[in-house]
Structures are given as structure tokens and as C-alpha cells.
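Colleague: Listed below, chain by chain, are the residues.
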Amino acid sequence: MTTNGGLLAIQGLWAGYGEGWALEDVTLAIPPGRLVSVIGPNGSGKSTLLRAILGLVPRRRGAVSLGGLPIDERRSDVAYVPQRELVDWSFPIGASQVVMMGRYPRIGPVRGATVADRDAVDRALERVGMADLGGRQIGALSGGQQQRVFLARALVQEASVLLLDEPMTGVDRGTEEAITALMRELRDGGATILHATHDLEGAADVSDLLCFVNGRVVAHGPPDETFTPQTLHATFGGEVMIVDSGDHAHVHGGGHHHGGHAHPDAG
Amino acid sequence: MGWLTDPLALELFQRALVAAVLMGATCGAIGAYVVLRRLAFIGDALSHAVFPGVVLAYVAGVSVFAGAMIAGALTSVAIAIVSRGQRIREDTAIGIFFAGAFALGIVLISTQSGYQRDLSAFLVGDLLGVGWDEIALSAVTGLAVVGVLVALRKELLLASFDRVYAQALGYPVFALELLLLLLLTATIVVSLSAVGIILVLAMLVTPAATARLLVDRFTPMMVAGAALGALYGVIGWYVSYHLGWSPGGAIVLVATLAFLLAFIFSPSHGLLAHRLRRHPQHAARHAAIDPPPGHAHGTEGGPVVASLRRRHPPGR
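Line by line, the protein sequences are chains A and B.
So my numbering is basically just the index in the first sequence, starting at one, shifted up by 14.
So my numbering is basically just the index in the second sequence, starting at one, shifted up by 2.
It is worth saying that the hints were derived from the structure and are not from the lab.
Just so you know, these numbers come straight off a predicted model, no measurement behind them.
Yeah, the Cβ is synthetic: ideal placement off N, Cα and C, and Gly gets one too.
A portion of the hints provided could be inaccurate.
What the hints assert, rightly or not - Residues from chain B shown here face chain A by an in silico Cβ test under 8 Å; the list is partial:
1. Q88
2. A153
3. L160
4. G172
5. R214
6. L216
7. R219
8. M223
To be verified - Counterexamples of contact, computed for chain A against chain B with all Cβ distances above 10 Å:
9. G47
10. R74
11. R89
12. V101
13. P106
14. V112
15. A195
16. V220
Build the full structure now, drawing on both the sequences and the hints.
Modeller: Here it is in C-alpha cells:
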């Protein structure tokens, strides 16, 4: 379904609107078949990083390439799952119609969808556990189901890079697990996956690489090396509490205690 | 049946009926985008902004259609460019150019004392004054507008539903939006002789809004909008003939009345249907507790997500 698209290389990327920089001097090289979590507080530039890869936020300096080619020449090989809040869910269309949008570049203007396109849509809906909901008006779906529709739309692109902007926000536990399982499956098939997230522990569990962002890349590497109090502190400042229980560092948002003995991060 | 056939005896009235149907169908079709993309204000602005073009073309003795198209296109482009920056929002840009262009038309007309009566036909429409040449132009323009809407149905739908995703796929979203404004301008221009500058907005919005209350998919909504627009043209025209009302006014009143009926009686989205569905009472309580689907901002993703979200206000 997905293919190996080659190395995703971000070289000295500066991005942002107007005078300020939302992101400064980002350099990352992500080999194919990796699942990367982009982690940082709100307004840290997580979403901006994903959007700048696509050129949705102006790239003011630097370059992004995929398999050696400028990424703008391989746009439809990159599937983007935007934040759910950005669209009008009362729009008069059905779930399978939204999923079909992922095939539009392939179909081209004027022409209609072929049987192969419809099959791809059905398969993608089945894959995200929504086989029988394709005809449903999108506004009648739950938050988790809407997120699955977006995911299915990305799947039918058969892209080699997936960029997911906070896919876990506002979804039920079942959808969260389905998304995680799907991301792993696609990764195993050779796809490169970047997803922006708030969920620090979840990210550390599922990802091959973590990328901590706060206006710039604070740290980047495997969870073992990067998921440390130092990195967390540098990324989130004093807003995160670390609960050290045995060999795992558990992280909580400041002031949000879960029974266990919590203490502010000292350092 | 005399009331139905008698008015058709005169060619004058046949022309008026054909013009009303063409206007209604074209406006109703593009109206789906006007309603869903919230272009009502820009539609109103464009209908006024074509006015100086109409006056200038009239005075110069050239095609009024061409003059109106040029004025409308220039205004569309000006609005699109000015509102592209972040300091001036789109509605502000629309307000500036809409009133400015209309003022230019008024100033021009005030310098041309002899033309006032003829030009006033463009303000309120003059269905009985429409000639076959204008009808031919309306038909060709209407077909062209609908043809583009059909040819680019996927792209326009995608850019309307999810602009960011369309951009991510590499679609020229700005060009598509500009194209939609140009199609809107063309529709408005060929509708002016039937309903006039002031009432054309109703034909762009009301049939499509009524269709929105009756169907749940985009294509049926566009087809229903076109059919309703044409139907209102016919009914309004007969009302105008028999009661001696202004044709433009009668068509728009019929459209408004039909919308109100749909608003109350629509089987799926009408007021009555909603009322009936709220009984029995537990349904009402249920609705009050459950957030509507699509608006849930739950944070089941984990407590960490929730607390971080609250602690970091959006923006920089």
C-alpha cells in the first residue's frame, strides 16, 4: 500500500509568517520506515514543522527533499492528516466522499472516479474499522470516527510519507489504539511517519525516533537517548513534572497528579 | 388553464419567462458554493461592484456585459489580493471595494443626466425589457458557468471543504478561489437584467439555502438549487403577470416564501421535524448532555494532553 520514498531530509529550515520565526534552523534526516513523534508544548512549532515540510507555512530559508528530489515535486507522495477542527463538519458530504478526496490528484480534473478508486476507498475505510459507515454524513460521526475518515483519506493516497497533526486529540481510546496500530503497520511497510503529539508517554512507547521541538529542534533521536528529564525540561520549561518510579520516567503536566508521589522536576 | 397559457401568447412574455428560468437555474447552481463557502457578502459586493462597469459601458455604447465583467473581475482580484495579507481581513476588503466601486458608479451616473432611467433598470431589473440577444448571452454564460462547475467539481469541492488538505496535495487553491469569484461575477452580470443589482443576492443564496434544508449531499444540493431557482423564476413570473407586481420582486418573494416553508416543514432539517424528534422527553435530556458530534473537544488522549493544553495558551 505504501512505498519506500527514500530519505526525508530537512536542511537548515527556517519557517514562519511575518517577521518572527515559528521555527529556526531545523535540520533532520529521517530514513524511510521510521515512526517519528514530534513533541512540544502548544505554540512550539510542532504543527508548523509538518506544515513547513509541505510548504503550507512559508519556508523562508532551507530546503526539504524526499529521496533526493525537492518535496514540492513529490507532493502527492506525502499524505497529510490535518487537525480535525480546521474543517466544517456540517458540510453536506459523506464519509466515503471525503476519503475519495485522497484520490483526486490521481484521478485528475474533469474525470470521475474509477472502480479501482472506489475499491481503494472501501479498503481504506475497512482498514480504519469504518467499513459500514462510508455512507454516513460526516457531521453524524463521532470525533474518533472523523479522525479515522481523515486517516483513510491519507491511506488512499498510497503515499510514502505520512504527516499527522495531533491525530490523538479528542478521540476515544479505541481510535487512539487503532491509529497507533496503523502507524506501526505502515512504518513496517516502509513508510516514513511524522506525527505531532502532546502525549509524551505514548510517543515514547510507539516511536522509533523522538523529535523535541520548541521553536527549534531541542533534541532528536531514539527514545532511550532523548526521553530524559533534561530534554523534557528544555522543551517544556517548568510546565512538566517528572515522576521517577523505578527505571521509567513518567511525565505529567504540571499540577496534574495521579496518586503517585510527584515532585517538581529539579533540573 | 387560461391563466397558465394566456401570458405566453406574446413573444415579449415568452422572452421574459425564458430569461427568468435561465437566471434562476444559473444562480441556484453556483449558489451551493455561495452558501457553503459563506460568500453571501462577497456576492452582494460583486453585484454592486459591477455597477460602474455597467454605467461606463452604457455611456461608451459598448457591451454592458463586457463592462460589468471587467469591473467585477477587477474588484474580485483587488479583494483577493488585499485580503491575502493578515492585517486587512477579507470582509473589510470587501466592504472597501464594494462601496467604493458602487460610489464610482453613482458619481458616473450623476454626470450623465440623460441616462438615469435606463440605468435604473440595472438596479431593480427589467425582465420585460430583455431581448433575445441578451437571452442568448445568458444561456451561453450559464452553460459555461455550469460547465466549469462540473468539470472542476472535485477540485472546487475539495478546496471548499478542506482548504489546507487541498494545498497539501499541491492544488492551486488561490487560483481556484479566484476562478469561483469570476464565475460568480459572470452569473451576477447575466442576472442583472432579470432581477437587478439589489435583488440578485437573493437568487444566489435563497434557492441553495432551501436545497441545503432538503438534501444532505453536495451534488444533489447543487442540482436542487438550480431546479428551485428555475422554478422560482417561473412561479414568480406568473405571479408578477397576474398581479401586476415587479417581476424581480415577485421572483425573490416566491424564493423567500419557499425558503420559509422548507425551514419549517423540511422532513429532515425543518423546525417541525426537530420538534417532533425531541419528544419523548428523554431525547431532549440526552441532547443536552451529549456534545454534538464533530464538536467534541474531549481529551481522552490522556491526562497529560489535557493539562498541557490548558497551561499553554494558543499562539506565541
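Colleague: Next step is simple, just say for each hint if it's right about the structure.
Modeller: Now for the hints, and whether the structure bears them out:
Annotation: Q88 (chain B) was flagged as interfacial toward chain A, and the flag holds, the nearest CB pair being 7 Å apart, inside 8 Å. This hint holds: A153 (chain B) has a C-beta 5 Å from the nearest C-beta of chain A, less than the 8 Å allowed. For the restraint placing L160 (chain B) at the interface with chain A, the shortest Cβ-Cβ distance is roughly 5 Å, inside the 8 Å limit, so the hint holds. Interface hint status for G172 (chain B): upheld, as the beta-carbon distance to the closest one in chain A is roughly 4 Å, under 8 Å.
At a threshold of 8 Å, the smallest CB-CB gap from R214 (chain B) to chain A is about 7 Å, leaving the interface hint in force. Residue-level restraint check for L216 (chain B) is violated (minimum Cβ-Cβ distance to chain A is 11 Å; threshold 8 Å). A hinted interface residue such as R219 (chain B) counts as satisfied when its beta carbon comes closer than 8 Å to some beta carbon of chain A; here the least separation is about 5 Å, so the hint holds. Interface hint status for M223 (chain B): upheld, as the beta-carbon distance to the closest one in chain A is roughly 6 Å, under 8 Å.
Under the 10 Å C-beta cut-off, the non-interface status given to G47 (chain A) relative to chain B holds; the minimum distance is some 22 Å. Against the 10 Å criterion, R74 (chain A) stays outside the reach of chain B, whose nearest CB is about 16 Å from its own CB. With a cut of 10 Å on Cβ distances, R89 (chain A) falls inside the contact zone with chain B, its closest approach being about 4 Å. Interface exclusion of V101 (chain A) from chain B breaks down, the closest Cβ pair being 5 Å apart, not more than 10 Å.
A Cβ of chain B approaches the Cβ of P106 (chain A) within 10 Å, the least distance being about 5 Å, so the stated non-interface status is violated. Its closest Cβ contact with chain B, about 7 Å, brings V112 (chain A) to no more than 10 Å, contrary to its assignment away from the interface. Distance check for A195 (chain A) against chain B: the nearest CB is about 15 Å away, which clears 10 Å, and the non-interface claim stands. With a minimum CB-CB distance of about 13 Å to chain B, V220 (chain A) clears the 10 Å threshold, and the non-interface call stands.
Against the hints set out earlier in the document, violations occur for numbers 6, 11, 12, 13 and 14.
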